[in-house]
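Chemist: Chains A and B supply the protein sequences, listed in that same order.
Just so we're aligned, residue 1 is where the first sequence starts under our numbering, counting upward by one.
Just so we're aligned, residue 1 is where the second sequence starts under our numbering, counting upward by one.
Be aware that one or more of the hints could be misleading.
[Claimed, not checked] Straight-line C-alpha distance at most 27 Å; calculated DSS-like pairs for lysine-lysine:
| id | chain 1 | residue 1 | chain 2 | residue 2 |
| --- | --- | --- | --- | --- |
| 1 | A | Lys47 | B | Lys299 |
| 2 | A | Lys190 | A | Lys47 |
| 3 | B | Lys266 | A | Lys47 |
| 4 | B | Lys299 | B | Lys190 |
| 5 | A | Lys190 | A | Lys266 |
| 6 | B | Lys47 | A | Lys153 |
| 7 | B | Lys266 | B | Lys153 |
| 8 | A | Lys153 | A | Lys266 |
| 9 | A | Lys299 | A | Lys153 |
| 10 | A | Lys153 | B | Lys153 |
Simulated from the structure, these hints should not be mistaken for lab results.
Number of protein chains: 2
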Amino acid sequence: VRKKFQPTLSHLGEFGLIDRIRKRCRGVDAKLIEGIGDDCAVYSASKNRNQVITTDALVEGVHFDFRTQSAESLGRKALAVNLSDLAAMGAEPRLAVLALGLPSGFPVERIDALYRGLSARCRQYRVALAGGDTVRSPRGFWIALTLVGETRKNRWFRRSGARPGQVIWVSGTLGDSALGLRILSTPAGKSPDLPERVRRYLTGRHLEPEPRLALSQALVRSTIRVGAMIDLSDGLLQDLGHVCRASGVGARLQLERIPVSQPAEKFSLVNNLRLQDWLLGGGEDYELLFTTPREDVKKLKRLIARAGVPVTEIGTVLPDPKVLEVLHRGRPLRQRKSGGGFDHFR
Amino acid sequence: VRKKFQPTLSHLGEFGLIDRIRKRCRGVDAKLIEGIGDDCAVYSASKNRNQVITTDALVEGVHFDFRTQSAESLGRKALAVNLSDLAAMGAEPRLAVLALGLPSGFPVERIDALYRGLSARCRQYRVALAGGDTVRSPRGFWIALTLVGETRKNRWFRRSGARPGQVIWVSGTLGDSALGLRILSTPAGKSPDLPERVRRYLTGRHLEPEPRLALSQALVRSTIRVGAMIDLSDGLLQDLGHVCRASGVGARLQLERIPVSQPAEKFSLVNNLRLQDWLLGGGEDYELLFTTPREDVKKLKRLIARAGVPVTEIGTVLPDPKVLEVLHRGRPLRQRKSGGGFDHFR
């Protein structure tokens with residue numbers, strides 16, 4: 001069998017690579033005046049808007065594994081996790097820049113696939129890929145993506161706006177992504193019999209999260225008073241803890257209200273897992289958690305119906321900042337100041 | 001001897017680290033509304049200005065070595081190389097976000113030092129450090145910095161503006177940084193006797209480049225017609241090649257006009273090096289190369305005198321895009337379409 005020639009970085013060289021990337025980045029350029037190819041990208045900012053900026057990095061072997069995720073899918077995810085941060089601020093995305101650390105033998109095909117995934121998502125969310133830096137990284141691949149967006153001047157969301165008495169809401173269902181990661185991390189032989197539909201749903205939720213930009217924008221355009229908002233990346237308790245600390249409040253959750261998908265229920269049953277741990281501590285949900293005054297519940301329910309995004313009431317903001325309480329059938333499940341969830345360095 | 005306890009990331013945890021960084025990032029916040037601690041940083045953009053964005057990554061073992069560069073110095077350099085990109089556009093810096101890849105045992109002291117260097121430079125250049133992401137990177141340390149700046153709406157510089165007949169200028173002296181890197185890379189025993197002054201100057205030029213923002217801003221504020229501008233990071237011929245390609249022109253350089261520092265002259269003499277290779281191909285000068293019409297030479301010389309920045313005429317823009325020629329005492333030294341310099345992947 002003749003082996004197909006796979007060009008690597010050493011064949012292409014740095015400038016060859018940049019040219020290649022440039023070709024893939026044409027198209028969407030909302031407000032981009034000068035894109036890849038000069039020292040900086042230049043863009044025109046809107047008047048009467050705030051700019052927001054966020055950066056997120058993904059490291060091979062820590063945040064993903066090429067054995068279980070294609071480069072194209074990774075490209076989509078890299079953008080999605082940054083978009084989720086923008087959604088949490090009530091911001092609309094504008095442009096992205098990318099830094100890539102590439103091992104020498106890294107196949108060019110894989111870079112192409114990465115950009116294919118990235119640009120597809122960029123088009124979908126009208127983000128201009130404004131350039132970046134590619135560097136040699138002898139000891140492993142990584143990607144650091146920076147996203148710039150805009151908010152209205154007087155209408156955007158932060159973590160510090162939760163007030164006692166407000167209702168706590170989450171979008172979608174929780175725990176799916178962490179369960180999906182568990183499936184992906186289980187050696188092929190050792191995974192239990194699982195309906196393909198369940199496997200595909202849960203791993204999909206981990207590999208290809210959908211940022212909740214539509215919900216966030218619907219809230220921006222509404223008159224609903226949003227207290228605090230955050231996107232769930234570290235796990236429900238951990239992220240709710242961030243909101244409580246930033247707002248100087250406590251919170252009470254109702255475990256049985258936390259939204260669970262059917263596949264998550266099925267999977268935890270088959271594998272004898274305590275589902276509550278995955279709901280409260282599982283990371284990378286990329287759902288939105290936010291609070292509103294109780295008086296706005298009706299408005300919100302109308303908005304939810306119109307927007308077609310599932311949003312569920314899961315608890316209440318408390319005045320005492322020392323309390324973060326989970327009730328199960330009316331009785332406290334556990335009470336702790338800061339949540340479980342993932343702490344990436346431990 | 002009792003060993004001093006050095007906390008590492010595992011002791012601190014991710015959120016401890018973010019808190020630590022936040023404390024170090026207070027102070028300069030030009031237009032920063034919401035800094036580190038929320039999902040995105042929020043800032044207020046000026047009206048009637050363009051935004052520019054650039055990202056640059058530095059990888060341990062590729063772009064620096066902790067044996068020859070302190071973390072504090074690296075922090076300063078990381079900002080400087082990005083500022084140099086902004087200078088090349090005629091932009092003023094506004095804010096920075098940072099992604100850090102950290103091995104588990106990475107000493108916290110070193111992170112502190114990195115931020116010390118970075119924030120000192122941020123204060124100096126009035127950049128707000130707007131946050132970032134810290135991730136675990138099991139296989140080596142890296143830093144990716146993204147810088148956002150602003151230009152006037154109708155006055156900024158690009159690579160594509162060089163026109164036949166224009167004069168080519170460079171700031172400062174060339175080759176110092178590449179020679180400094182050579183000194184740093186030579187094993188201690190094998191380095192020739194060298195006056196400490198020479199060693200310190202050349203290595204300093206490599207480890208701590210000064211971005212030419214003042215010169216760039218002086219040009220922005222002047223009425224001098226700047227054709228093209230680029231910062232020299234890949235080496236004179238390589239970067240001039242970028243300008244020529246982007247502008248569809250050629251260029252002729254006069255070798256004996258290229259500005260050389262006394263230490264570079266001394267060092268290349270002692271080590272029997274062909275200085276021209278270092279002037280034409282040495283990377284990381286972080287000086288500015290730009291072109292102006294010949295009629296503006298007088299104006300430029302007055303500006304140079306006022307600004308106190310050395311700027312030297314080194315050649316002329318030619319109409320033929322196939323020519324990139326270096327003359328030595330009136331005779332062509334070499335002629336090639338694309339320059340030598342560093343190609344980071346070869």
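Chemist: Taking the hints in turn, state whether each one holds.
Modeler: Each hint tested on the structure:
For the hint linking Lys47 (chain A) to Lys299 (chain B), the alpha-carbon distance of about 35 Å lies beyond 27 Å, and the restraint is violated. About 57 Å separates the Cα atoms of Lys190 (chain A) and Lys47 (chain A), which puts this hinted pair outside 27 Å; it is violated. Proximity of Lys266 (chain B) to Lys47 (chain A) is assessed by CA-CA distance (about 54 Å); at most 27 Å being required, the pair is judged violated. At roughly 48 Å between alpha-carbon atoms, Lys299 (chain B) and Lys190 (chain B) are farther apart than 27 Å, so this suggested pair is violated.
A threshold of 27 Å between alpha carbons decides the hint, and for Lys190 (chain A) with Lys266 (chain A) the separation of about 18 Å falls inside it, so the pair holds. A threshold of 27 Å between alpha carbons decides the hint, and for Lys47 (chain B) with Lys153 (chain A) the separation of about 13 Å falls inside it, so the pair holds. With a C-alpha separation of about 45 Å, the suggested pair Lys266 (chain B) and Lys153 (chain B) falls outside the 27 Å cut-off, and the hint is violated. Distance hint between Lys153 (chain A) and Lys266 (chain A) is unfulfilled; the C-alpha atoms sit about 45 Å from each other, more than 27 Å.
Using a Cα cut-off of 27 Å, the hinted pair Lys299 (chain A) and Lys153 (chain A) holds, with the two alpha carbons roughly 23 Å apart. For the given pair, Lys153 (chain A) sits about 21 Å from Lys153 (chain B) by alpha-carbon distance, which is consistent with the 27 Å threshold.
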